[in-house]
Amino acid sequence: MRVQLRNATAIDIGKKLVELRRNGGVVTQGRVLTLVVCTDGGRGLEPAIAAATAAAREHPCRVIVVGRVNDGDVPRMDAEIRLGGDAGASEVLILALHGPLADHQESVIVPFLLPDTPIVVWWPTSPPEVPAKDPVGRLAVRRLTDATNDADPMAAIASRRAGYTPGDTDLAWGRITYWRALLVSALDQAPHEPIESARVSGLANEPALDLLAGWLASRIDGPVQRAIGKLRVELRTRSQTIELVRPQDGRVATLKRTGKPDSLITLARRDSWECLAEELRRLDPDEVYHSALNGISKVEYV
Amino acid sequence: MSEPAAAEWVNPLRDERDRRLPRIAGPCALVIFGVTGDLARRKLMPAVYDLANRGLLPPGFALIGFARRDWVDEDFGRIVHDAVKANSRTPFREEVWQRLAEGIRFVQGSFDDDDAFAQLATTLAELDKIRGTGGNHAFYLSIPPASFPVVCSQLSRSGLAGSENGRWSRVVIEKPFGHDLTSARALNAVVGEVFPEDSVFRIDHYLGKETVQNILAMRFANQLFDPLWNAHYVDHVQITMAEDIGLGGRAGYYDGIGAARDVIQNHLLQLLAFIAMEEPISFDPAELRAEKIKVLSATRLAEPLDETTARGQYVAGWQNGGEVVGLHEEQGFAPDSTTETFAAITCEINTRRWAGVPFYLRTGKRLGRRVTEIAIVFKRAPHLPFDDTMTTELGQNALVIRVQPDEGVTLRFGSKVPGSSMEVRDVNMDFSYGQAFTESSPEAYERLILDVLLGEPSLFPVDEEVELSWKILDPVLEHWAAHGVPEPYEAGTWGPPSADEMLRRSGREWRRP
Numbered sequence: 001m002r003v004q005l006r007n008a009t010a011i012d013i014g015k016k017l018v019e020l021r022r023n024g025g026v027v028t029q030g031r032v033l034t035l036v037v038c039t040d041g042g043r044g045l046e047p048a049i050a051a052a053t054a055a056a057r058e059h060p061c062r063v064i065v066v067g068r069v070n071d072g073d074v075p076r077m078d079a080e081i082r083l084g085g086d087a088g089a090s091e092v093l094i095l096a097l098h099g100p101l102a103d104h105q106e107s108v109i110v111p112f113l114l115p116d117t118p119i120v121v122w123w124p125t126s127p128p129e130v131p132a133k134d135p136v137g138r139l140a141v142r143r144l145t146d147a148t149n150d151a152d153p154m155a156a157i158a159s160r161r162a163g164y165t166p167g168d169t170d171l172a173w174g175r176i177t178y179w180r181a182l183l184v185s186a187l188d189q190a191p192h193e194p195i196e197s198a199r200v201s202g203l204a205n206e207p208a209l210d211l212l213a214g215w216l217a218s219r220i221d222g223p224v225q226r227a228i229g230k231l232r233v234e235l236r237t238r239s240q241t242i243e244l245v246r247p248q249d250g251r252v253a254t255l256k257r258t259g260k261p262d263s264l265i266t267l268a269r270r271d272s273w274e275c276l277a278e279e280l281r282r283l284d285p286d287e288v289y290h291s292a293l294n295g296i297s298k299v300e301y302v
Numbered sequence: 303m304s305e306p307a308a309a310e311w312v313n314p315l316r317d318e319r320d321r322r323l324p325r326i327a328g329p330c331a332l333v334i335f336g337v338t339g340d341l342a343r344r345k346l347m348p349a350v351y352d353l354a355n356r357g358l359l360p361p362g363f364a365l366i367g368f369a370r371r372d373w374v375d376e377d378f379g380r381i382v383h384d385a386v387k388a389n390s391r392t393p394f395r396e397e398v399w400q401r402l403a404e405g406i407r408f409v410q411g412s413f414d415d416d417d418a419f420a421q422l423a424t425t426l427a428e429l430d431k432i433r434g435t436g437g438n439h440a441f442y443l444s445i446p447p448a449s450f451p452v453v454c455s456q457l458s459r460s461g462l463a464g465s466e467n468g469r470w471s472r473v474v475i476e477k478p479f480g481h482d483l484t485s486a487r488a489l490n491a492v493v494g495e496v497f498p499e500d501s502v503f504r505i506d507h508y509l510g511k512e513t514v515q516n517i518l519a520m521r522f523a524n525q526l527f528d529p530l531w532n533a534h535y536v537d538h539v540q541i542t543m544a545e546d547i548g549l550g551g552r553a554g555y556y557d558g559i560g561a562a563r564d565v566i567q568n569h570l571l572q573l574l575a576f577i578a579m580e581e582p583i584s585f586d587p588a589e590l591r592a593e594k595i596k597v598l599s600a601t602r603l604a605e606p607l608d609e610t611t612a613r614g615q616y617v618a619g620w621q622n623g624g625e626v627v628g629l630h631e632e633q634g635f636a637p638d639s640t641t642e643t644f645a646a647i648t649c650e651i652n653t654r655r656w657a658g659v660p661f662y663l664r665t666g667k668r669l670g671r672r673v674t675e676i677a678i679v680f681k682r683a684p685h686l687p688f689d690d691t692m693t694t695e696l697g698q699n700a701l702v703i704r705v706q707p708d709e710g711v712t713l714r715f716g717s718k719v720p721g722s723s724m725e726v727r728d729v730n731m732d733f734s735y736g737q738a739f740t741e742s743s744p745e746a747y748e749r750l751i752l753d754v755l756l757g758e759p760s761l762f763p764v765d766e767e768v769e770l771s772w773k774i775l776d777p778v779l780e781h782w783a784a785h786g787v788p789e790p791y792e793a794g795t796w797g798p799p800s801a802d803e804m805l806r807r808s809g810r811e812w813r814r815p
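Going down the list, the sequences are from chains A and B.
Residue numbers are given in the working numbering: position 296 of the first sequence equals residue 296, and the series is strictly consecutive.
So the working numbering is basically just the index in the second sequence, starting at one, shifted up by 302.
Please keep in mind that the hints were generated in silico from the structure rather than gathered at the bench.
The structure presented is a predicted model; accordingly, all values stated were derived computationally and were not measured.
Virtual Cβ for every residue (Gly too), placed ideally from N, Cα, C.
Treat each hint with caution, since some may be false.
[Said to hold, decoys possible] Partial list, derived from the structure: chain B residues whose beta carbon lies under 7 Å from chain A: (1) N313; (2) P314; (3) R319; (4) D320; (5) I326; (6) G357; (7) G362; (8) E397; (9) R401; (10) G434.
[Said to hold, decoys possible] Below, computed lysine-lysine pairings styled on PhoX-like, alpha-carbon distance capped at 25 Å: (11) A:K260 / B:K773; (12) A:K230 / A:K298; (13) A:K230 / A:K260; (14) B:K596 / B:K773; (15) A:K230 / A:K256; (16) A:K256 / B:K431.
Build out the structure end to end from the sequences listed, making use of the hints.
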C-alpha cells in the first residue's frame with residue numbers, strides 16, 4: 001500500500017500512520033530499529049529504498065528516507081508512506097524536503113523515530129565529512145556510508161579515517177567479509193607460519209579492496225601492496241602462497257595453496273542490501289573496521 | 303594432546319573483536335550412513351546445502367553417502383539434488399549446487415561388508431588428495447542403534463576412527479540413545495570404545511533451535527526474570543511437546559519404544575535442564591554441561607507413580623478435517639500393542655531453588671495440534687484487594703516460551719477491562735521471533751552439523767546426561783511395564799482423562815497450548 005501526502009506536516013503524517021495501523025492492522029511493536037536513509041535528491045533514491053527494504057526483511061524496522069529537493073525558497077514537505085507488500089516486513093516513510101527545509105532534515109525525522117530502539121543512518125551517496133557531527137548522524141548509534149558510490153572511491157575510503165567516530169562503517173567493508181573469512185580459515189590450516197607479505201589487486205574503483213589491504217596491513221608484520229589489475233589476493237608465508245582469485249564479474253572464486261589441490265568457492269560480489277543487512281546485525285562499533293581504515297596508510301600502492 | 307607447535311600458533315588474521323566474520327568449518331568430509339532414510343532427505347542434505355549457500359562450508363567440502371543401494375556417484379548426486387530442491391531453506395542457486403556436487407561421492411555396501419569400508423577408506427583418501435579435505439572426517443550415523451556396534455568397529459578396523467597428526471574423526475549419533483539405563487550404558491560403551499567422548503556428537507535437534515538457546519539468553523542476560531525464577535514465585539512448570547501426526551509407517555521404530563522413551567528422555571528432559579539449571583559460570587561447554595548434569599542429578603519422579611504419571615494410546619477419531627485411525631489399526635502395530643503414544647510425568651527437583659515445584663512433562667501423538675512450549679506458571683498473588691467478582695476471570699500469571707511453531711515468548715498477566723467497574727482479566731504480552739528478527743533463523747540441523755564440523759560441543763548432550771535422563775525415567779517405565787495398559791484417548795484431543803486427573807489432584811490444570 002502506498003499513501004501520498006503533499007505539503008504535509010509531521011503531525012499530519014503521524015496521524016496518517018496511526019490511522020493506517022489501526023485500520024490495516026499493521027503492527028509495529030516488533031520493529032527493532034529505525035533506519036534513516038539520507039539521499040541527495042532523485043539520484044539513487046529507488047535503489048536505496050529497494051536495498052533498505054530488502055535488508056529490512058531480516059531486520060524489521062521503520063525506514064525513513066529523506067530526500068532533498070532544491071527548488072526555490074518555500075519550505076515544504078511531501079511524504080509517501082509504504083506499508084505491507086510494498087515495504088516488505090517494514091514500513092517505509094519517504095520524505096521529500098523542499099527549499100530551506102532540506103537543510104533541517106533532523107527536524108522532520110525526530111518525531112518519527114521509534115521509541116527506545118536504536119537509530120541507524122545510511123548515506124548511499126555523498127556522506128558528510130564527519131558523519132557523527134552531522135545533525136542526523138548525531139542521532140544515530142551506527143552511521144553507514146558507501147564509498148563505492150563516490151566519484152573517486154579510493155580517495156573516499158582513504159578519507160573515512162579522518163572523519164571516523166566509533167559506530168561508523170562503510171558498506172565496502174561488508175563486501176569483503178567472506179573474502180576475509182576464507183583467508184582466515186585458509187590460514188588456520190597447517191603449516192602454521194606467519195604471513196611475510198601480502199598483495200591485493202583488482203579494480204581501482206573497488207574500495208573494498210583498499211579496506212582488505214588495510215585490514216591485512218593492520219594484522220601482519222610485513223609489506224602489503226595494493227595494485228590495479230586482476231581480482232586477486234595473495235598471502236605469502238615462508239613456505240607457501242595462499243591465493244584467492246576470481247574473474248572480475250564472476251561468481252566463483254578459486255583458492256590456491258602451495259602443495260594443496262585448488263578449490264572452487266561460490267563468492268559473488270555482494271549487493272548493497274546484503275552489506276546493509278550485515279551492518280544491521282551488529283549495532284556496536286566495529287573496531288576491526290577502524291584498524292583496517294588505519295591500515296590503509298601502511299599499504300603500498302603500486 | 304595436540305603438538306606444541308599447533309598449541310602456540312595464533313592466526314594473525316583472527317581477532318575476537320571481529321564478530322562479523324562467519325565461522326567457516328575447516329577442510330573436511332561428511333559421511334552419511336543411512337542416506338536413503340527419511341531424515342537424511344528431509345533434513346540432513348538440505349541442511350548441508352543451506353550451509354554451503356551461506357558460505358559456511360570449507361572450499362573443497364565433500365559429502366559421501368553410504369548405503370546398500372546399487373548407485374553410482376551421479377545417482378546419489380541426483381537424490382541429494384532433489385532433496386535439496388524440495389526441502390532447503392535458502393533459495394536454490396546453481397553455482398552453489400555445482401560446487402557441492404563436485405564433492406559428492408557414493409559408496410555402496412552393507413555394514414558387515416569389509417570391502418565396502420575399504421572402498422570408503424579409499425574414497426576418503428582420494429578426496430583428501432583431490433579436494434583437500436585434510437583427513438578430517440565426520441561420520442553421521444543416521445541408522446538404527448542396533449547397527450552402531452558393527453559400523454563403529456568397521457570404522458575402527460579400516461583406520462577411519464582415529465584422530466591423530468592434526469586430523470580429526472568425529473561420529474554423530476541420533477536418538478534413541480538406548481531404551482533404558484542399562485542399554486544406554488552399553489551403547490555409550492560401544493561407541494566409546496572406538497571414539498573418545500569428545501569426538502562423539504549426540505544430536506538432540508531441540509538444542510539446535512533458536513528458541514531453546516534463547517532460554518539461556520532470557521534467563522541469564524536479563525535482570526527481569528531471575529528474581530522470579532524459583533519456588534517462591536513459581537507454582538509449577540509445564541513442558542509440552544505435542545504432535546498432530548500419527549504413527550502410520552513408523553511401527554518398526556516406535557512399537558515397543560513409546561512416547562516417554564522417544565521424546566521425554568531426550569528433548570523434554572533437556573528442556574527441563576535448561577529451564578531449571580543454575581547459572582553456569584561461563585558459556586564454556588564444560589561449564590554448561592556441569593550445570594545441566596547437576597540439575598539432572600537432582601531430578602526425580604514424584605511419587606506415587608500411579609497418581610503422578612499418565613499414559614495413553616490414541617484411538618480413531620476426527621482430526622484436521624479428516625478421519626484418522628487408532629494406533630491399533632495403524633499398519634505394523636499389533637492389535638494389542640501396549641506402546642504408549644501419550645506420556646505425562648511429574649518431576650521434582652530437589653534443590654533449594656525448586657523444592658516443591660512440580661515440573662509436568664507431557665508429549666503425545668495425534669494431539670490437538672503440533673506445538674512445543676514451556677509454561678512457567680506463577681503463584682497467585684497472596685492477597686487480592688478486590689471483590690471476588692472483580693477477579694473471576696483472572697488466572698495465574700504465566701511466562702510461556704513457544705519453542706515451535708510461531709517461536710516466541712508470551713507473558714500473561716491480569717489487566718483491567720475498560721469500563722466504569724473494576725474487572726480484571728488475563729491479557730498476553732507477546733514477543734515473536736517472526737516480528738523482531740523476521741525470516742531466516744537457521745534450521746536446527748544446520749547449526750548442529752556446522753557445530754560438528756567446527757568441533758564445538760556445547761549443544762550436544764554427553765554420555766553422562768543421557769545416563770542421568772534414563773535414571774530419572776527408568777522407574778516409570780518399569781512401573782508401566784508391570785501395571786496395566788495405556789488409557790485410550792480420541793485422536794485430536796489433548797490426551798487421556800488420567801492426564802487431566804493427574805494435575806487436578808493438586809488443584810492445577812494443563813494449559814491448552
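Do the hints match the structure? See the list:
| no. | hint | result |
| --- | --- | --- |
| 1 | N313 | holds (5 Å) |
| 2 | P314 | holds (5 Å) |
| 3 | R319 | holds (5 Å) |
| 4 | D320 | holds (4 Å) |
| 5 | I326 | holds (5 Å) |
| 6 | G357 | holds (5 Å) |
| 7 | G362 | holds (4 Å) |
| 8 | E397 | holds (5 Å) |
| 9 | R401 | holds (6 Å) |
| 10 | G434 | holds (5 Å) |
| 11 | A:K260 / B:K773 | violated (50 Å) |
| 12 | A:K230 / A:K298 | holds (22 Å) |
| 13 | A:K230 / A:K260 | holds (22 Å) |
| 14 | B:K596 / B:K773 | holds (14 Å) |
| 15 | A:K230 / A:K256 | holds (15 Å) |
| 16 | A:K256 / B:K431 | holds (14 Å) |
In this structure, the one hint that does not hold is number 11.
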